[in-house]
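When you get a sec, could you build the whole thing from the sequences and use the hints?
Letter by letter, the chains look like this.
2 protein chains.
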Amino acid sequence: MAKADGPAQEPDPDTGEIDLGVLKDVIGFRIRRIQNHLSRAFAERIDRKDVRPGVFSALALISANPGLSQTALSREVGFDKATVVAMLDSLERLGWAERRRSKHDRRRSALHITADGKKALKGLRATAVANEAAIHAALTEDEQARLFELLDKVYAVCFADPE
Amino acid sequence: MAKADGPAQEPDPDTGEIDLGVLKDVIGFRIRRIQNHLSRAFAERIDRKDVRPGVFSALALISANPGLSQTALSREVGFDKATVVAMLDSLERLGWAERRRSKHDRRRSALHITADGKKALKGLRATAVANEAAIHAALTEDEQARLFELLDKVYAVCFADPE
DNA sequence: TATTGTTATACTCTATAACTATA
DNA sequence: TATAGTTATAGAGTATAACAATA
Chain A
1 MAKADGPAQE PDPDTGEIDL GVLKDVIGFR IRRIQNHLSR AFAERIDRKD VRPGVFSALA
61 LISANPGLSQ TALSREVGFD KATVVAMLDS LERLGWAERR RSKHDRRRSA LHITADGKKA
121 LKGLRATAVA NEAAIHAALT EDEQARLFEL LDKVYAVCFA DPE
Chain B
1 MAKADGPAQE PDPDTGEIDL GVLKDVIGFR IRRIQNHLSR AFAERIDRKD VRPGVFSALA
61 LISANPGLSQ TALSREVGFD KATVVAMLDS LERLGWAERR RSKHDRRRSA LHITADGKKA
121 LKGLRATAVA NEAAIHAALT EDEQARLFEL LDKVYAVCFA DPE
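Chains as they are written, first to last, in UniProt numbering: chain A, 1 to 163; chain B, 1 to 163.
To be clear, the hints were calculated from the coordinates, so they are not data collected in a lab. All the pointers check out, no bait thrown in.
Which copy is meant is left open, so a pair is good if it fits within one copy or across any two.
With a straight-line cut-off of 30 Å between C-alpha atoms, the simulated DSS-like cross-links for lysine-lysine are:
| # | residue 1 | residue 2 |
| --- | --- | --- |
| 1 | Lys-153 | Lys-24 |
| 2 | Lys-24 | Lys-118 |
| 3 | Lys-81 | Lys-24 |
| 4 | Lys-153 | Lys-81 |
| 5 | Lys-118 | Lys-103 |
| 6 | Lys-24 | Lys-122 |
| 7 | Lys-118 | Lys-49 |
| 8 | Lys-118 | Lys-81 |
| 9 | Lys-49 | Lys-122 |
| 10 | Lys-24 | Lys-49 |
Below, the structure is given as structure tokens:
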């Protein structure tokens, strides 16, 4: 209304010059754009519909924490228990992980990675690295370390406030 | 197998002491956890099923770029054109935005926010700020600026490599 | 009584493909 | 011929609630 001379009634879509407006301060918006791109690109790279999203994360966590329970896994990946059941079904169907009964608490599954799973994990990890290679190339070591540090801080806060 | 003394055959799920393993280097994993939490918390705060996800982003972008086309919007939010159609249907049903025919190219919609939309945007922005208040509180000004800077760098890279 | 995992189910979100109207 | 937007549709992904076994 008080705009002096801006004829930009209709922004040119080809310039890519778009104002983020109110979104400039919103972390969630920036995070989501990156996440969308990364997850889509990752799915394209593996290009197997029997490897569902979350399978890489789950396999990595099982590998690093042998005997992990499904509940603990669900908390770590941020999905519901029921969703984790489906993920583990996939994982067992692939022969990459297995459920054993916990000795201390027979309600629990003790999750373990298999030999095949270890091989698959290597491949998935390589895919993930390749998927993020451009990012690593664009950031200095210091910047990467700083980014991870800040992201961890943010993540910690997310679960610190029970609000 | 060669583990000397660790009886940690089954990690205690209550300690929260879980090893990220291979995931430690993966940006995508860290981003996703945060995004999951943030989007879920945001949805809980607005608590209106007629306000679909993406509506806040879309409204903010339309507000900041009057006359924006749907294609440009779809590129910016990272969704398909068809998905953006549904978002705009919601937006118009809410009376928060409207489609006008572009004068220069009659195939295009020129998107504009309404008076009600401006009010709603204020509320949504406040919700987003509240949703991220804990994060802002935990980070210094410098850290926030640095985080945004790094995230922008990452985002730029995502679309720089056509790979 | 509370918790682990399971099943069945329904719902939300998103993309694909075919169509139209403009260019 | 190519692009902007639309429609119809199918599919992926996730959560909810009720249940069984165990604690």
